[in-house]
Structures are given as C-alpha cells and as structure tokens.
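Sequences listed follow chains D and C, in order.
Numbered according to this note's numbering, the first sequence spans residues 180 to 565.
Numbered according to this note's numbering, the second sequence spans residues 2 to 134.
It is worth saying that the hints were derived from the structure and are not from the lab.
Treat each hint with caution, since some may be false.
Below are the DMTMM-like pairs computed for lysine to aspartate or glutamate, each with C-alpha atoms no more than 20 Å apart in a straight line [said to hold, decoys possible]:
hint, chain 1, residue 1, chain 2, residue 2
1, C, 100, D, 334
2, D, 338, D, 378
3, D, 402, D, 215
4, D, 402, D, 430
5, D, 338, D, 369
6, C, 52, C, 3
7, D, 429, C, 83
8, D, 429, C, 41
9, D, 429, D, 198
10, D, 429, C, 20
11, C, 100, D, 378
12, C, 52, C, 18
13, D, 563, D, 453
14, C, 100, C, 54
15, D, 402, C, 83
16, C, 52, C, 83
17, D, 564, C, 41
18, C, 52, C, 106
19, D, 402, D, 531
20, D, 429, C, 93
21, D, 442, D, 430
22, D, 539, D, 453
23, D, 564, D, 215
24, D, 429, D, 334
25, D, 564, D, 182
26, D, 429, C, 34
27, D, 338, D, 479
Being a predicted model, the structure only gives us computed values, none of them experimental.
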Amino acid sequence: MREVVIQGIGQTPVEEHWERSLRDLAAEAGLAAMRDAGVERIDAVFVGNMLSGQIARQENLGALTADWIGQRGAEGYKVEAACASGAAAFRAAFLAVASGALDAVLAIGVEKMTETSGPETTAALVSAADADYEGVQGISFVGLNALIMRRYLHEFGWKHTDFGEFSINAHANGARNPHARLRQPITERDYVRARMICEPINLLDASPIGDGAAAALLLPVEKAPSGPRPRVVVAGSAAASDSVAVHDRKDPLFLSAAHLGAKRAYAQAGVGPEQIDFFELHDAFSILAALSLEACGFAERGQGPRLALEGAIRLDGRLPVCTQGGLKARGHPVGATGMYQIVEAAQQLRGEAGGNQLAKARTALTQNIGGSGASIYTHILQRKKI
Amino acid sequence: MDIARHWRLRRQRYALEGEQCRHCGEYIFPPRDICPHCGEEAGPVRRMSGKGEVYSFTVVHEPPTGYEAQAPYAVALVRLAEGPLITAQLTDIDAAEIKIGMPVEMVTRRLRTDGEDGLIQYGYKFRPQLTTP
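Extracted from the complex, chain D is given alone in its bound form:
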C-alpha cells in the first residue's frame, strides 16, 4: 500500500442553499479541493451521497459530478452508506490511491436535504433503517436513537441533563466556524428547556439537517509536491458493519462496528486512544457521542457522558471533540458529513482551524456512522513534516 496524502480540501457552508443544486454544491467543494491542491486533472471522483435518488430524483452522480467539474473522462462513482456515505467515499478514494491503481482522486460528500417537505425528508432518512421491520412501524430516525437513549439511561443510571455538555460544547465550537449551520452558543438552561421531539431526545440533542458539500483531493506521497504547509497523511482507514436493524444487535447499547473499525485503524496507524489529539465523532444525537467515546476506547461502557461532564471534550480538554461544531452545530447534510469531518480534521492538522485551533493537533480520529450504528467508517489522519 502506498502512503496517501490529503493534498487539497474544500467545503461549502452548511445552509439551506435554495439557489444551489446538488451538482452545484458538489462542484463547488470539489473544485475548491482541486485548487487548494494545485491539481488540474483527476483520475477519478468518488461522490458520497445518501438521498439523491429519493430527494433530487438523480442518480449516476459519479459521471454527473465529473462532468460538472470539467473532468469528463475521469472515472466516477456514487458511494452510499447512509449517513456514512461521505467517509465511505473517502475510504474508496483512499483505497484507489493506496493500491497504486490511481493517482489523483477526488472524494466529495454532498447532500441536499431542504428540497422536500419535513415528512418526506423524514421518510427518506428512515430508509437507512430496516424498511421491512423498522420503517414499516412508523419509526423515525430520531425515534430509533430515542429507543437507544432511553434504554441507556435506564441501564446506566444517567439523567437526560447529563448529556447537555455534548451539545453545549458543539455549539460553542460551531459559533466560531464560518461554515457552520448553527452559530449561536447555547447554555445548560437552553438545553433543559428545549422542545421534546422524541422522548428522551429533545431538539438540542439532535443535529440539524442542511445542504452542503465537502471534498478532499488525494495523491500518493511520492507525487505530492511539498510546500510550506504541513502534510496531512491518512495513517489509518477502516470500516466495519453491524446489523441494520437496532433490534437485531447483540447489544443495542454498544457500537460494535465503531469498536472494530477503531481497533483496525489504531493498528494500521500504530497508535492507541491515548495518542489521539482530537476526535471528530458522529454526534447526530448526543447519545451517539457517548456511545462512540465508549466504543473507541476513551471511556468505559456506560461512562461516555462522564468525559463531557468533566470538560475533557472541550478545546482545552484532554480529548477535544467536534472541534468545528460537529454534526450538532456545523449541521448534518447526511452524505456530506463524513467529508466535513475529514476536511475539518485536516484544517486542524494544518493549523488552519481559525478560532478553534488546538494547541496540539498532530493525530486526529474521525468517525462517520451510517444508520444507527450499521455502517461505520473510521480514519486516523496525521500531520507530517516534509
């Protein structure tokens, strides 16, 4: 396997982009990553997207995107893994370059979620769950996570308010991210008083949908021109799956695919949880943040909220989490989210994270979850001196 460098990154703000289409957003982020890398021709583009068929009635995104960024002739693929489509596309792009099959490869995550009405978007999102045995019962995606959270509270004795710090931290960081969807800090009082959407999940436990795209241009290290900027390499890339239906899990309160993926990525990178400087985790719901911390080796079973309560996840804590706002404040355009995580981690590693820059940012963990724990993609990115 060849060592792979993230040579360029690009992103659009997460918003309701009424004036921009799916293809426009993908092109904007993709072209930005190519410009940032100084690359004019690519061999392939992997587009991470979940809902284009259901919401935009548009498939064949690989070729469409290649055409729209002026790269007719390049290979094009759409990669779908529900809300993990972005990181799945990144991993596919990484494998193509690492294997030696291709040199310049673009990974783009894109999603347009505000074209349709609320119930339609809710119905589209729940297609990430088991349609025959979960969807047919009228459960929403928030509902599935509420089932997990309620049992977690019951099992481990936490109160709902113990999860507030995850959202407060995300909003505090998102407030300084110019690309974030929600840029206002929130208080503990706001969290406690937020409208209940699917008990025990309230509005401030859940991430907002949005439109957006983020992209990275990958090169093999031997073809990556060195410049004044620190180099960002992919030190670990791993994926694992679990049952799509929550009720089919051996243990619905443990993200076994996150655990497996993290173990594989740690082994590849030759690091353990103690060497991770920050963690871009998938806080689609605050309960998922807690479960991710446990599955990736940062907290004991049932103790995820403790890290948040102790302040460990803040920018000045021992494991900063969601440093640019996470899904909760940056926003969660589902198929784009995994690429936003990777782009934001690369910004930190390059020292370009603005008001949220960490003092120590050498090794990053990013993890993108598709379905309520079914498809999980885990990456370790590292800063390297040339």
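Given the structure of chain D, go ahead and fit chain C onto it with the hints provided.
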C-alpha cells in the same frame, strides 16, 4: 404501496413467523438464511408466542410520510419471550403508562393506509398483556 412486498411478508406480519436455529437453538425473527448467532444455516420455521416485555420505547410526534394520521404514537423495542428483540408500535395504552419491563402481547392492527387506492397494510403491534403467561 408495495403489494408484492407486503404479501411476501404476511407470515411475519400476521403470525410472527421466525425460526429456531437447529445448530445453536437460538430463536430468530424474522427468518433468514444464516443464523446471526452461530453462522450456520438457520431454520426450521417457528412461530413466536407473541408474548414479551418492553425493552425500550419512545413516542413519535414527527412521523414519516404515511403515518401522519396516527401521530403521536408509541414505538417500542419488545423483547419476545423466545429471545429476539422486535421493533413495534404499542397500542391500547396511554404513553404515560408505558414502562420498561412491562409485559406486552402481539395483536394485529392497521399499520398504514397507502397509495391512490387507499390499500391497507395490517401487521403486528403490541398491547399490555391481558392474559397471564
């Protein structure tokens, strides 16, 4: 709505038909080719008793398309007496009375009315147990 699909699933939706693995003895719902517990070929077919208890629950206020008329409604994870967990709406109960661990039993109810012809899909829901096990 997908008539063929619903028809195909009728034994599961009307009779909770699953399997018991002949290799490891675990009960499986719904049926599948490979046992998720031991990795051997699954089967033979077994009907679940329909008795179980609430493992977790929530109330859906913002439903997906097709379920608006029923909202708000409670959905639970139910641990069947035979072992499998199942996702199902709860019925014949006030949301405020639902508790983790409460005994429930399967009933057949309307899941949704769909499409231009208003075709009705029936399937399992769970209500508080009326009979003692």
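Hint check results:
no., hint, result
1, C:100 - D:334, "13 Å, holds"
2, D:338 - D:378, "13 Å, holds"
3, D:402 - D:215, "15 Å, holds"
4, D:402 - D:430, "45 Å, violated"
5, D:338 - D:369, "16 Å, holds"
6, C:52 - C:3, "29 Å, violated"
7, D:429 - C:83, "15 Å, holds"
8, D:429 - C:41, "17 Å, holds"
9, D:429 - D:198, "45 Å, violated"
10, D:429 - C:20, "17 Å, holds"
11, C:100 - D:378, "13 Å, holds"
12, C:52 - C:18, "13 Å, holds"
13, D:563 - D:453, "19 Å, holds"
14, C:100 - C:54, "9 Å, holds"
15, D:402 - C:83, "59 Å, violated"
16, C:52 - C:83, "8 Å, holds"
17, D:564 - C:41, "50 Å, violated"
18, C:52 - C:106, "5 Å, holds"
19, D:402 - D:531, "23 Å, violated"
20, D:429 - C:93, "29 Å, violated"
21, D:442 - D:430, "18 Å, holds"
22, D:539 - D:453, "13 Å, holds"
23, D:564 - D:215, "19 Å, holds"
24, D:429 - D:334, "15 Å, holds"
25, D:564 - D:182, "14 Å, holds"
26, D:429 - C:34, "18 Å, holds"
27, D:338 - D:479, "18 Å, holds"
Consistency note: the structure conflicts with the earlier hints numbered 4, 6, 9, 15, 17, 19 and 20.
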